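There are 4 protein chains.
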Amino acid sequence: MAFVKDFKWKKGMDVKTFVEELGSVGFQSIELKNASEVFEKMKRDKAKIYLSFTSNMVTSGLRGFFAQVIKLGMADVIVTTAGAVEEDIMKAFGEKFEIRNFHADDVKLHQEGENRVGNLIIRTESYMKFEDWMNEILEKLYKKEPRWPVSNFLREIGLELKDENSILYQAAKHKVPIFCPGITDGAIGFHLFIFQQKHKDFVLDVVKDFANIVFVSNYDERKGIIALGGSISKHHALLSGLLNGGFNYAVYMTTAHQSSGSMSGATTLEAKSWGKVKDDSDIATVIGDVSITFPLAMITSLENLITEGIIKEEREVK
Amino acid sequence: MAFVKDFKWKKGMDVKTFVEELGSVGFQSIELKNASEVFEKMKRDKAKIYLSFTSNMVTSGLRGFFAQVIKLGMADVIVTTAGAVEEDIMKAFGEKFEIRNFHADDVKLHQEGENRVGNLIIRTESYMKFEDWMNEILEKLYKKEPRWPVSNFLREIGLELKDENSILYQAAKHKVPIFCPGITDGAIGFHLFIFQQKHKDFVLDVVKDFANIVFVSNYDERKGIIALGGSISKHHALLSGLLNGGFNYAVYMTTAHQSSGSMSGATTLEAKSWGKVKDDSDIATVIGDVSITFPLAMITSLENLITEGIIKEEREVK
Amino acid sequence: MAFVKDFKWKKGMDVKTFVEELGSVGFQSIELKNASEVFEKMKRDKAKIYLSFTSNMVTSGLRGFFAQVIKLGMADVIVTTAGAVEEDIMKAFGEKFEIRNFHADDVKLHQEGENRVGNLIIRTESYMKFEDWMNEILEKLYKKEPRWPVSNFLREIGLELKDENSILYQAAKHKVPIFCPGITDGAIGFHLFIFQQKHKDFVLDVVKDFANIVFVSNYDERKGIIALGGSISKHHALLSGLLNGGFNYAVYMTTAHQSSGSMSGATTLEAKSWGKVKDDSDIATVIGDVSITFPLAMITSLENLITEGIIKEEREVK
Amino acid sequence: MAFVKDFKWKKGMDVKTFVEELGSVGFQSIELKNASEVFEKMKRDKAKIYLSFTSNMVTSGLRGFFAQVIKLGMADVIVTTAGAVEEDIMKAFGEKFEIRNFHADDVKLHQEGENRVGNLIIRTESYMKFEDWMNEILEKLYKKEPRWPVSNFLREIGLELKDENSILYQAAKHKVPIFCPGITDGAIGFHLFIFQQKHKDFVLDVVKDFANIVFVSNYDERKGIIALGGSISKHHALLSGLLNGGFNYAVYMTTAHQSSGSMSGATTLEAKSWGKVKDDSDIATVIGDVSITFPLAMITSLENLITEGIIKEEREVK
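Chains as they are written, first to last, in my numbering: chain P, 3 to 320; chain V, 3 to 320; chain R, 3 to 320; chain L, 3 to 320.
No lab work stands behind these hints: they were computed from the structure.
There may be inaccurate statements among the hints.
Copies of the same chain look alike in the list, so a pair counts if it fits in one copy or across any two.
Keeping only pairs whose Cα atoms sit at most 35 angstroms apart, straight-line, the calculated DSBU-like set for lysine-lysine is [unchecked claim]:
| id | residue 1 | residue 2 |
| --- | --- | --- |
| 1 | Lys7 | Lys314 |
| 2 | Lys7 | Lys280 |
| 3 | Lys146 | Lys202 |
| 4 | Lys164 | Lys12 |
All figures in this text were calculated on a predicted structure; none of them were measured in a lab.
Sequences and hints are given; from them, build the entire structure.
This is the structure in structure tokens:
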């Protein structure tokens, strides 16, 4: 039996101690500590770790942390959205996203070429630079091959980026595939379509990439999933796990609830009914903004896994 | 100036009267009435109406209502997800989805081949029948053409279904295109991949379909969007509108809030900063479960538009 | 076994038919129909019905509906907050609350004496008129008695109001007690304190009112609760039911979820662990804005109960 | 202009560094950093700090942290609920609250005398011990005086408790008044009523306590509010500030949104329309579970304020 303990701050308290003490506080603080434990179990068990996230998280500074998490070996498969890919690339080329607030004057923002994502801003200019660069890379890749499964396409892009904080770069470098089943749903879709106008045989093969995500693992392999937010990225990662017998470990972090039957709010329990996660899997669901909860739980796990020698501060490239 | 009015029930009260009186009640009831007004303005203005929704809504009985809304001419472009397509087809073949509850025993459900979506159940059996049927249709379509833009592919499927309550059927019949940028994210993705194994030149062309959704409208045309829930379907509809100068009318209905910067919670105001909706557009955002709010607002609009002679109870096929 | 049914609109659809068909749709629409059924069972079973609500609902036009619900005999005990009492009185004196929006300029509102509650406005002027009237009634009541249990005090006020749409008036007229355990938490608290400065022996006896709410029912009586929103009103109604052996019927309608352990989000299941509702009680929880969900479910029940002859359109005063 | 920065973990990262870096991440992480800054400004400006919280937070281990925050001089006025008072006392007498989960079998819990609050358990036994102790203290206090303003009553109780982690004890010791406008809304209400049966002249004077909370500050004094969760405690603290010209600083931390017009979800902006917070006040609203967000933001402030010498690790008793 575990009991609630009075939380007390001590000067200089570190994140790991903080999160571990939250495990005796209550409500989502307990779930946060559980999530951290499931992260550690995944890794100790040498499970293949799937990490899914949505584009707003890449708009935010979590982008650098995702890159670091990949580098440290805490993510073996990435599933994400078109916006996430675009913004990772923009940032790799030095584009800056501004911090503003949730109550900005949106008509004024529009006139100034500033596009709002919650309390953050992406400038229209950044999209224009992205377009120029995409055209170059598309020419280059098309010369190699007219038909690309999405994950191969993203790997090639990653290899072009020389930014330590880039998700695509770190993933390419560490042979972590990035799946993006909705690749056309963004500015990138527009650039692809313009390119295809000139090169009719150019194909982004999403069907082939389904094979790729299915074969990235198999029934016998231990598997874990960290699903941040909802959307097609969460669903696609779960689906591919289901086709391989289900995940052994699952952590969902989201602001959504199950009451409307949405994928964003679907729980780790609901996932059991589908076989997306195994009946006896280790699971945790944390309700809250991922910009706070994910780094808290993951940092705690990183600290513990480094102490145990399971991960290294600087992972060598395979 | 509009004032709060004491709401009073009268015996036999109809939905239209109810929603119109909610307009003087407060909080989301006012937004609901606003949404209904924006629906009517879209139609009176002959705007091209984009309707986006997620798969859980097709799991639910809203499916029949979406079909009816298409039939009545209140939706000219559909954007949705792979799950929605699958479940519409399953139901067209007579599969029944069961009503259960949010607290079911998920491990037990799994053992009985019952997959939970909130308080609803889809049987694994239904997926098996879907597979058989997909294989047939794929053979048939492949004989016509090896490379299919997604919306053409879905139109062909729709023409095969003979179910008045089917979204794909009504859409095909009324020449309403259905876009599904994440078409592989479902059981259908698996069937497509198996089929491609045998037919290497088979391609679902998502890039070509980006062109299709962009050319479905143009800068000069008046445009409205009804975005139900979040996800790739909401974003993709908005994106295509943005590329055509933005929507003149927008209604978002969702359970999500803007606080985490997610697409599900992104507001109609935020959309203005992007030019997804025009600076001077008519907009409404209703927070709540779409299974209640959408039919309430839409029924009210249907009643008014029929009285005005703008829509007809039985629309003739174009 | 109940199955999902395709929802179809029929011209002139009434609220009752609408809600009953929602029972086969999915997610919160099903819970809404369940809530309506529990309302009917309460009444058919002659249960004593406790209705709790918060002040924002009285700011809204639900106020008139609450008065009507009392008049029709669907609420036997009311538990609410100080703000609800104040605003019911203001409206009884003809004060109008304006409809505005959630994004108003709050500094400007302040300068204009306009106080915002979501998308509604209460003018500072209304509070000033309320003060004048409170002083009069306090003088009058003090002459009768220096020490008042809160519910008796509210009954006397109700008898002074001659507004059919007033909650306090209808409650007083139909001998429905109104409990308000946090009576000082509002402008009324200020007026009471000023009055007590002049009359040191003036006491509002909250402890005595605890006895009153406990003795309003007993172990043997059948009891039902309709808790709208959270707060002290929900908790107090539940607590008094617990002390009498728990409720036989319970409907919670709220926007809150159980994830943070708050009273607002506490579920009807959690209530069973406390004995607030009985182990075998009929329960329903509807997540959504009460300004939409409560009238929908209650109207449906009213229509059915009138048809059954259990309630009458015009209830005679006891 | 502030820009999003890629977040990177460094080994041994402390909470203060973590929260400060979150200030460049995005969404609620930015608001969290803002909240921390407002806490520091309150204290540097020697503002009188009002802290409001709900009972579930005292069920949780935040109880010890609240006691510590009072001890360190970061709270000068407390506003809370009956449940919070009860549970602080139970814990002071050594009662343990167990950690369980959100999906417990509530009927089984009931049979075992276990009452659930989210994922925590309070045993019925703890309530029984609380009753015994309350009877003793009531006898003792009644001998001194038959009529007690609530805050004086709570101060006397606090002085009886000898637990460093007790909110009531630390508040009494440091002359921090605790206001509880809904004091009868809990088991304590029942004990007070039983006691009043025997002692008819026993009165808990809530009206007098309204005077006390109003006179705890004045127009000229700088004032700050930290409102955790919603409920009567949040509203009452704001109301008392309003009567003294409004707060100069305000931080709201809650899981609720403004869409339903509830007090829990009412924003710091809405508060400006009322004059609850001043037009030019420093404000922050953080959406998320307080069990995580409050200690994060407050620890950061404590670290900074200690470094600046504004607070001391061990505050001497006044």
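Evaluation of the provided hints:
no., hint, in the structure
1, Lys7 <-> Lys314, "both (33 angstroms within a copy, 24 angstroms between copies)"
2, Lys7 <-> Lys280, "both (32 angstroms within a copy, 31 angstroms between copies)"
3, Lys146 <-> Lys202, "both (15 angstroms within a copy, 19 angstroms between copies)"
4, Lys164 <-> Lys12, "between (41 angstroms within a copy, 21 angstroms between copies)"
This entry satisfies every hint, going by the numbered hints stated previously.
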